[in-house]
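Read off the chains here:
Number of protein chains: 2
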Amino acid sequence: MNLQLVSRLLGTISWLIGLTMAFSLPAAWPGVGGQATFEVRGFGALVTSIVVCLFVGIVFRYLGRNAPETLFRKEAMAIVGLSWVLATILGAMPYYLAEVKFRSDNADKPVAMGIAECLFESQSGFSTTGATVLSNIENEAWVPRCLLFWRSSTHFLGGLGIIVLFVAVLGQGSAGKALMRAEMPGPSKEGSHERMQHTALIFAAIYCGLNLILTVALKLEGMNWFEAICHAFGTMATGGFSTLDKSLGGFNSKAIEYTVILFMILAGTNFTLMYLTLLGKPAQLLKDSEWRSYMGIIFGSTALILAFGIWVSNDFNVGGHLAKGEHYETAFRDSLFQVVALVTTTGFGTADFDLWNNFSRALLIVLMFVGGCAGSTGGGMKVIRHILFVKILRREVEHSFHPSVVRHIRLSGEPIVDPDLPRNILLYFGLVSLIFTMSTQVLIGIEPDSTWVDSGQPVSNKLVDSASAVASTLNNIGPGVGIIGSTQNYAAFTAPSKLLFTFLMMLGRLELFAVLVLLIPSFWRTR
Amino acid sequence: MNLQLVSRLLGTISWLIGLTMAFSLPAAWPGVGGQATFEVRGFGALVTSIVVCLFVGIVFRYLGRNAPETLFRKEAMAIVGLSWVLATILGAMPYYLAEVKFRSDNADKPVAMGIAECLFESQSGFSTTGATVLSNIENEAWVPRCLLFWRSSTHFLGGLGIIVLFVAVLGQGSAGKALMRAEMPGPSKEGSHERMQHTALIFAAIYCGLNLILTVALKLEGMNWFEAICHAFGTMATGGFSTLDKSLGGFNSKAIEYTVILFMILAGTNFTLMYLTLLGKPAQLLKDSEWRSYMGIIFGSTALILAFGIWVSNDFNVGGHLAKGEHYETAFRDSLFQVVALVTTTGFGTADFDLWNNFSRALLIVLMFVGGCAGSTGGGMKVIRHILFVKILRREVEHSFHPSVVRHIRLSGEPIVDPDLPRNILLYFGLVSLIFTMSTQVLIGIEPDSTWVDSGQPVSNKLVDSASAVASTLNNIGPGVGIIGSTQNYAAFTAPSKLLFTFLMMLGRLELFAVLVLLIPSFWRTR
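Chains A and B, in that order, give the protein sequences. The opening residue of the first sequence carries number 1 in our numbering; numbering runs sequentially from there. The opening residue of the second sequence carries number 1001 in our numbering; numbering runs sequentially from there.
What the hints contain is simulated information worked out from the structure, not anything from laboratory work. One thing to keep in mind: the hints can contain errors.
Unchecked claim - With a straight-line Cα cutoff of 27 Å, these simulated DSSO-like cross-link-like pairs (lysine-lysine) come out: (1) B:LYS1219 with B:LYS1287; (2) A:LYS74 with B:LYS1391; (3) B:LYS1391 with A:LYS391; (4) A:LYS391 with B:LYS1074.
None of these values were measured; they are calculated from a predicted model.
Bound-form chain A, shown alone:
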């Protein structure tokens, strides 16, 4: 392990975070986010944090001044994991220094965010989860506008980081490699390093471009610039932080909701495919089996939720005082919005899906594990892994009575010859199952029943609520059911649970390995 190299890159990360914080400073001026006065405390907290970031960056860069140029596998993994830890800590500072207020139970009196809350909120931002401990965020006395802007900026930075990381590190796994190698254009003469930089740059450009387009669209549809930028950040990073207490539903605008649905779907689409579409090859998008499955899951689930919500239950109140057509439109929009919000792992809310029937609620919990496409900003397990999972299971069952027949898994018509692929996919599902089960059990153990009592939630729902909280943080979504339903948040949990969630969000966002290896002693021994 070459710690000098790790150190130098951590220094760069610190500077990048400090630079991004600087962009939140203008939001402290009166009127920018609708506030009446200059936000002294928020501005001060940001300036102090920027100075700390610069200083930390200088120290890390100094420690790593003699680092070699070559990046080995172990160093790459360490940098990914450690830079996320560093970002979380640095990003938590402004909340702590500004003494942002939140309400931890039903009492009206707010308290200042503690260290666990700040780390949770920071990680939730960078991991593009969008889970929050904050309520009453429209009240600038509780949450300064400039910190609300910083909160959304962490989404932007996290989304950008994931897109670049996919190219550099995560996309090197079997599934990602198969996709990248097969479809990414570029002069084949280029070395893999130059080509990687080239690809990362294109992806970053697409990401920034879509953020820009969405910001303008949301502004035109009635948001102010502050809201438009924050919601564009939340959408394109599949994060989910809003600037309103009622999340996106607070705008009460069909145009905004349909626009956000479209851009959430785009954010969950493989950036390689978007690039190919921009190059005038949209056929690649329709030919891609991951994207087709992704769209199939979205519209299939919406249809199921609509069917159960209309015929079995009466979730959408069809037949009320609105005209019938309008009712069906609302039902369709609400179902589609929630499905897209959960599948892409954005987690915005427009309807309280926790009031829907049990089938729909269970389906939405299952959908939490689906996630976006590989090479998108979407979290979760990724659609491609589910496709391969099902194909592998089917093949292996056939294998049990035809042991001699060797058949390659095919994806979009192409055979995948990587012999390690089945094991890697099954391994990922195994790890997620184990982490999910153990974390839920630990959460139920460390979180007292009184949390439910104090929040006015039935204690009998503790098992489901806890499972949904773990699923939601591990898959970087945000809301869940019951105590963390779409009208609730994570404030009620005790500090140890919040730290558990913080860990789970990081674990999920970095697709497990880059975090798990940090916990293994032999990883740190010099090679």
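Given the coordinates of chain A, assemble chain B onto it according to the supplied hints.
For chain B alone, coordinates are given in the frame of chain A:
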């Protein structure tokens, strides 16, 4: 696929079932099970069923009269799966013909069991699950004694079948093979076929011997012969059918409970190890890592449940009117009993664990997936798979930063060199996760909320209750939480759900593959 061979063996199975039914006939006589009069209806139903079994056997044997001697892999799988289907259907007949009464909701008026109920009860017996739709079983007007005896006999037959199948088919998988090959004694000159028969015979003898010893022990501890035999069958097969409404708790006897705990633990122990112990090599038992983990899980979980039940919650009412020591003894016995009952997948009840704290309830649900040791009558996923699962996950995470290092998984100190093992273990966990998730979702969809309302259970628990019902049937346990809690049963569910459970019980008992292949069209095409 040689269907003649399949047919011939199905004929033998039919005869075996008819023969076993004959042993239930004496239980119809007055006084045997405490009944006042001769049970005409039950006796008639059994006699008719026996005749049908004989006839079906003759037809199958006739169809398969020209079958070859050699058994290929595909035929073996088909026979395992189909014989279980046949046994379920034949075993359901007596319930149907005797018009056994059950109560499907809170109403007091009983109705005769329908086809779905009979198949459910029969499968539950053969798969040694012990889930039931029957209540008020102490009332002979509802359930004739001779059918109660038949019900317990299906456990005996199912347990015997699994023990023999393990040797013949299931034990041929990687994990089973590793255990069998390494430790099973016997002259190496014998061919694999003779050796297999020899082993199967020894295992069957141990199984019958333990049934006999337990019967005598229970008789001495206060049961009558009828109860003693039925409960021995239920214990040694890790089934769980009782003859009392309150299950084993109805005897209110410490001696009986501790005896059953011991024999449940034995029933969940690898029969190879028991044989070695009988041969005077008990050290093998203590050296075996699966058995040590099995005991560790049992006592570790008991300690956790005791700790939470005493210090966090007040589940055992310690400090009530009994002397303190007595309280702790009861708390220990109840915890240990329920842990053993669920880990070994027996499912007997002495305490209503559904009233315990949420941590203990969640832990018990997780324990449902553990199961007994390989080569025991215990169901579930088996301890060995969990050990290998954790070892494989750990190795693969290390592999991610040390791709060049190849390290074999070790079990009880011996390296396992089978290259397919990691994939097979991960595959099994993947299949269980997928089947569990999909079945739960389907169950929530097909079972109306009114089932909960009619049973006086909160509808808000539908998700957890449904998940526990699927976990309980798939792992062949019996009870779960909420609507199928230890004081409830499966009667309230609609027929489609009961058929789903019937399928899940078979799937779990035959360790998935022998059932799944039957659903694949290419399996049936001739080679």
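Here's how the hints hold up against the structure:
Among the hinted pairs, LYS1219 of chain B with LYS1287 of chain B is inconsistent with the structure: their alpha-carbon atoms are about 34 Å apart, more than 27 Å. This hinted pair checks out: LYS74 of chain A and LYS1391 of chain B have alpha carbons roughly 22 Å apart, not beyond 27 Å. Restraint check: the Cα-Cα separation between LYS1391 of chain B and LYS391 of chain A comes to about 25 Å, which is no more than 27 Å; the hinted pair holds. For the hint linking LYS391 of chain A to LYS1074 of chain B, the alpha-carbon distance of about 21 Å falls within 27 Å, and the restraint holds.
Of the numbered hints stated above, the single one contradicted by the structure is hint 1.
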